[in-house]
Amino acid sequence: MTNTTTSVHRTSPGLGWRTIELVTATFIGVVFGVAYWGWSATYASISSPVASVFGALQGFLGGPWLIAGVVGGLVVRRPGAAVVAELLASTVEALLGNQWGWATLVSGTLQGIGVELALLLFAFRRFGVVVAMLGGALAALLEFGYEWHAYWQGTTTGFKVGYCLLFMLSGAVVAGVGGWALTRALAATGAIDALPGGRDAARARAV
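Be aware that the sequence shown starts at 0, since it is given in numbering that gives the first Met the number 0, and climbs by one per residue.
There may be inaccurate statements among the hints.
What the hints assert, rightly or not - Taking lysine to any residue and the SDA-like style, the derived pairs with C-alpha atoms no more than 25 Å apart in a straight line are: (1) Lys159 to Val49; (2) Lys159 to Thr41; (3) Lys159 to Tyr42; (4) Lys159 to Leu133; (5) Lys159 to Ser51; (6) Lys159 to Pro63; (7) Lys159 to Gly54; (8) Lys159 to Phe59; (9) Lys159 to Ile45; (10) Lys159 to Leu104; (11) Lys159 to Leu140.
What the hints assert, rightly or not - Simulated restraints, written as ranges between beta carbons of each label pair: (12) Phe53 to Gln152: 16 to 22 Å; (13) Val33 to His148: 24 to 30 Å; (14) Phe121 to Val172: 18 to 24 Å; (15) Ala184 to Ile19: 18 to 24 Å; (16) Ala184 to Leu116: 23 to 29 Å; (17) Ala40 to Ile19: 31 to 37 Å; (18) Arg124 to Ala193: 18 to 24 Å; (19) Ala102 to Leu56: 19 to 25 Å; (20) Leu94 to Phe121: 17 to 23 Å.
Because the hints were derived from the structure by calculation, they are not lab data. Nothing here was measured: the structure is a model prediction, and the numbers come from that model. Ideal Cβ positions, reconstructed from N, Cα and C, are used throughout, including at glycine.
Please construct the entire structure, taking both the sequences and the accompanying hints into account.
Spelled out as structure tokens, the structure:
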């Protein structure tokens, strides 16, 4: 497993988005928005049983909602791609209907920013599994900051700390590793060869 990947084929962040990049980020957002909607229904049915075992364990159920930003950032590799993908995913989820309504858009924005921060720390030049895991963890951390005030104000400090740590772990493993693996799988098929996230794989296949 390669921890980091330096791409010499990334598109310069200073240039405008290409149409294919915008379409791809939109597609990622819509597809994951439908998946998020499905996970919302699953979460509603399993969160109470999970909480009855260990309340803070609910945090570990949050990782699946962070994947769109990770995949968008790794595939498109432009500043803002993670926010676009995550915000569109949250919009689709809200439109389809979930228990949080339009507040989901606040979550999507914060989660996308978390991934963007991880990519920015590496100047949008590294897109390996470590960066993806950091992005997922930071997405969870920013989302928890919102949830602290929106949903968990009346809970104990122990619950908040445990929830946050488990949420970040889920973000790193489920969204980070999962999003990185999905991007690698897409690149291996040649489906994203026209995008920065697929060019490294295309070059490797040509060698």
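Checked hints:
1. The straight-line distance between the Cα atoms of lysine 159 and valine 49 is roughly 16 Å, inside the 25 Å bound, and the hint therefore holds.
2. Between the alpha carbons of lysine 159 and threonine 41 the distance comes to roughly 23 Å, so the proposed pair stays at or under 25 Å and holds.
3. Of the pairs offered as hints, the one joining lysine 159 and tyrosine 42 holds, with about 19 Å between alpha carbons and a cut-off of 25 Å not exceeded.
4. Among the hinted pairs, lysine 159 with leucine 133 is consistent with the structure: their alpha-carbon atoms are about 20 Å apart, no more than 25 Å.
5. Annotation: proposed proximity of lysine 159 to serine 51 holds, straight-line Cα distance about 16 Å (limit 25 Å).
6. Distance hint between lysine 159 and proline 63 is fulfilled; the C-alpha atoms sit about 20 Å from each other, no more than 25 Å.
7. Between lysine 159 and glycine 54, the direct Cα distance comes to roughly 10 Å. Compliance with the 25 Å bound is thereby established for this hinted pair.
8. Pair hint lysine 159 plus phenylalanine 59 holds up; C-alpha atoms about 13 Å apart against a cutoff of 25 Å.
9. Distance restraint check for lysine 159 and isoleucine 45: the Cα-Cα separation of roughly 20 Å lies within the 25 Å cut-off, and the hinted pair is therefore satisfied.
10. The hinted pair formed by lysine 159 and leucine 104 meets the criterion: a straight-line CA distance of about 22 Å does not exceed 25 Å.
11. Distance restraint check for lysine 159 and leucine 140: the Cα-Cα separation of roughly 12 Å lies within the 25 Å cut-off, and the hinted pair is therefore satisfied.
12. Between phenylalanine 53 and glutamine 152, the C-beta spacing of about 20 Å keeps the proposed range 16 to 22 Å intact.
13. Checked against the hint of 24 to 30 Å, the pair valine 33 and histidine 148 passes, with Cβ atoms roughly 29 Å apart.
14. At about 20 Å, the beta-carbon gap between phenylalanine 121 and valine 172 stays in the expected band of 18 to 24 Å.
15. Hint check: alanine 184 to isoleucine 19, Cβ distance near 19 Å, so the stated range 18 to 24 Å holds.
16. The supplied range of 23 to 29 Å is met by alanine 184 and leucine 116, whose beta-carbon atoms lie about 25 Å from each other.
17. With their beta carbons about 33 Å apart, alanine 40 and isoleucine 19 fall inside the hinted range of 31 to 37 Å.
18. Between arginine 124 and alanine 193 the CB atoms are about 20 Å apart, so this pair conforms to the stated range of 18 to 24 Å.
19. Alanine 102 and leucine 56 have their C-beta atoms about 23 Å apart, which keeps the hinted 19 to 25 Å range intact.
20. A beta carbon spacing of about 34 Å between leucine 94 and phenylalanine 121 contradicts the range 17 to 23 Å that was offered as a hint.
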